[in-house]
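J.: Sequence:
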Amino acid sequence: MKKKAIWLIALLCVGLCFLFWQKSRLTALLSERLAQQHIQVAQVESQLFPAQLSLYNVKFQQKARWFFFEKIVLELNPIALFGGELKLNEIQLHNGNISNSQWQGLNFSLKPTALSWQDVVYLLNALPQNAPLNLQKPVQMAFSAQATRAASQIQLQGNVQLSHNGLAFEQLAGQWQFDHPLYGDVDTMALQLKQGYLRSEMQDETSHYQLDFTDLSINQIPFSQGKIQLEFQPHFINGKLALAPQGEIDFQFYQQSDRVQFSAQNIAIEQWLALFKLPVLATGRAQLKGQVALVKQQIEQGQASLQIINGKVKNVNLLAIVAQRLPINYDSARLQHMDSPFERLTTQLIWDQQKMQWQNLQLRDPYFQLVGEGTVDHVSQKCDFLVNINLREKKYQNFRLPLHFFGDCHSPQYKIESTQGLKKQLNDLFKQRLSR
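For the sequence shown, this note's numbering begins at 1 and goes up steadily by one.
The hints are simulated quantities; they were obtained by calculation from the structure and are not laboratory data.
Remember, it's a predicted structure, so these values are computed and weren't measured experimentally.
In this text, a Cβ means the ideal position worked out from N, Cα and C, and glycines have one as well.
Do not rely on the hints blindly, as some may be mistaken.
As the list claims (entries may be wrong) - What follows is a list of derived Cβ distance ranges for each label pair:
1) 254 with 42: 33 to 43 angstroms
2) 384 with 362: 11 to 21 angstroms
3) 201 with 375: 42 to 52 angstroms
Claimed, not checked - Straight-line Cα separation of at most 30 angstroms, DSBU-like style, residue types lysine-lysine; simulated pairs:
4) 194 with 240
5) 415 with 395
6) 296 with 382
7) 277 with 314
8) 240 with 277
9) 296 with 227
10) 314 with 382
11) 227 with 87
12) 194 with 137
13) 277 with 289
14) 394 with 415
15) 59 with 137
16) 137 with 111
17) 394 with 355
18) 240 with 87
19) 355 with 314
20) 277 with 395
21) 296 with 277
22) 227 with 240
23) 312 with 382
24) 289 with 111
25) 415 with 314
26) 137 with 227
27) 382 with 355
28) 137 with 277
29) 227 with 277
30) 289 with 314
31) 394 with 314
Using the sequences and the accompanying hints, generate a full structural model.
T.: What follows is the structure, encoded as structure tokens:
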């Protein structure tokens, strides 16, 4: 019995000595590899229980930018270490920042299923050069990330697979909490992504990225599937968002002036209005072209031209109002609906943090035409529009119905602004018919 205990203690001592040797070997190998990659480390500490290496005040450069982390912890797989293999159970990066960037307080946690030391070597070689990841086999890991910018915070978590072709994401969830509302009272952007695939390449010293995604939702607004393409230039970013089957958006972000120019084709306008908690006054496929100015991560002001073909005005039946007061032949079935179909709507939108103006509003219906202007208050969700409606039938083209819509945008009230001119027109028409 004593011999077995002695043998057990001896084996344990040999195992511990081997583990300590492996740990010392790894520390030396890591220091050598970091020096080769020009990664500066002030101090390296190691411990056996738990088996991990801690790197303090880590500093490295990538594409003229310096990255700094107060501490990086590499947690080792003790079973693999005992067997002579070096594998990582977790990588933690604490309190990092990037030079010439407003993003600070970077914290990451990576939990790979099987990340070998050779994979780490490949990553250290590839990442500074933006080269393909020359991994022995795809590496899967769960991750979480946090960062701050001014007083806003961003959090992201999910599962990712690293391969030589790019990054594949699953069950991605994130939240961007703004210090001040981005627009109106939108102070949070919550993201859910079922699947995504990110790839990158260099062309003429310009970085290009493409993210293909499935089942994306932002603030619970679904965007089905599509892709985002980004091209990073020295002073601006070119981007393209393609949503299937929900249209496309081209945009340019100018970093110096915090200005975004955009052009959208065939987008579902109601989704984007709902995203920013704006009243949905009209639905349909829209064309938009304009720009917005950002101040401290807030949409300070903007303007855009809007056109919608074959859409609907929400929550008001314009034909029912017209049919009660003007001589018109109409399809009675259309009076049963709460919304108003139209052939074409155009307007110029101008907005700030409180209100959106609808200027030079023009709407074309099979029976009438509408022109006017109005405002939407984002906080109170109140609308105020003054419009004139004219019949399209040639003999009644001079008839004009002036209307004032006001109150809750979701159930607006209306009144006729002036009835004197309308009464005179109807009396004249009545006299003409009697004289025949």
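J.: Hey, residue 59 versus residue 137, does the alpha-carbon distance stay inside 30 angstroms?
T.: holds (28 angstroms)
J.: Is the gap between the beta carbons of residue 384 and residue 362 within 11 to 21 angstroms?
T.: Roughly 18 angstroms apart at Cβ, these two residues keep to the hinted range, so it holds.
J.: Check whether the Cα positions of residue 277 and residue 289 lie no farther apart than 30 angstroms.
T.: Distance of about 20 angstroms is within 30 angstroms: holds.
J.: Given the hinted pair residue 240 and residue 87, is their alpha-carbon gap at most 30 angstroms?
T.: Outside the cut-off at roughly 39 angstroms; violated.
J.: Taking 33 to 43 angstroms as the hint, is the beta-carbon distance of residue 254 and residue 42 inside that range?
T.: holds (38 angstroms)
J.: Would you check the hint for residue 194 and residue 240, treating anything up to 30 angstroms between C-alpha atoms as holding?
T.: Since the Cα atoms of residue 194 and residue 240 sit roughly 21 angstroms apart, the hinted pair holds (cutoff 30 angstroms).
J.: Straight-line Cα separation of residue 296 and residue 277 no greater than 30 angstroms?
T.: holds (20 angstroms)
J.: Is residue 137 within 30 angstroms of residue 277, Cα to Cα?
T.: With Cα atoms ~45 angstroms apart, residue 137 and residue 277 exceed 30 angstroms; violated.
J.: Holds or violated: residue 415 and residue 395, Cα atoms, limit 30 angstroms.
T.: holds (25 angstroms)
J.: Need the status of pair residue 312, residue 382: alpha-carbon distance at most 30 angstroms?
T.: Within the cut-off at roughly 19 angstroms; holds.
J.: Given the hinted pair residue 240 and residue 277, is their alpha-carbon gap at most 30 angstroms?
T.: The given pair, whose Cα atoms are some 23 angstroms apart, holds under the 30 angstroms limit.
J.: For the pair we were handed, residue 289 and residue 111, check the Cα-Cα distance against 30 angstroms.
T.: violated (44 angstroms)
Going through the hint list in order, the structure does not satisfy hints 11, 17, 18, 20, 24, 28.
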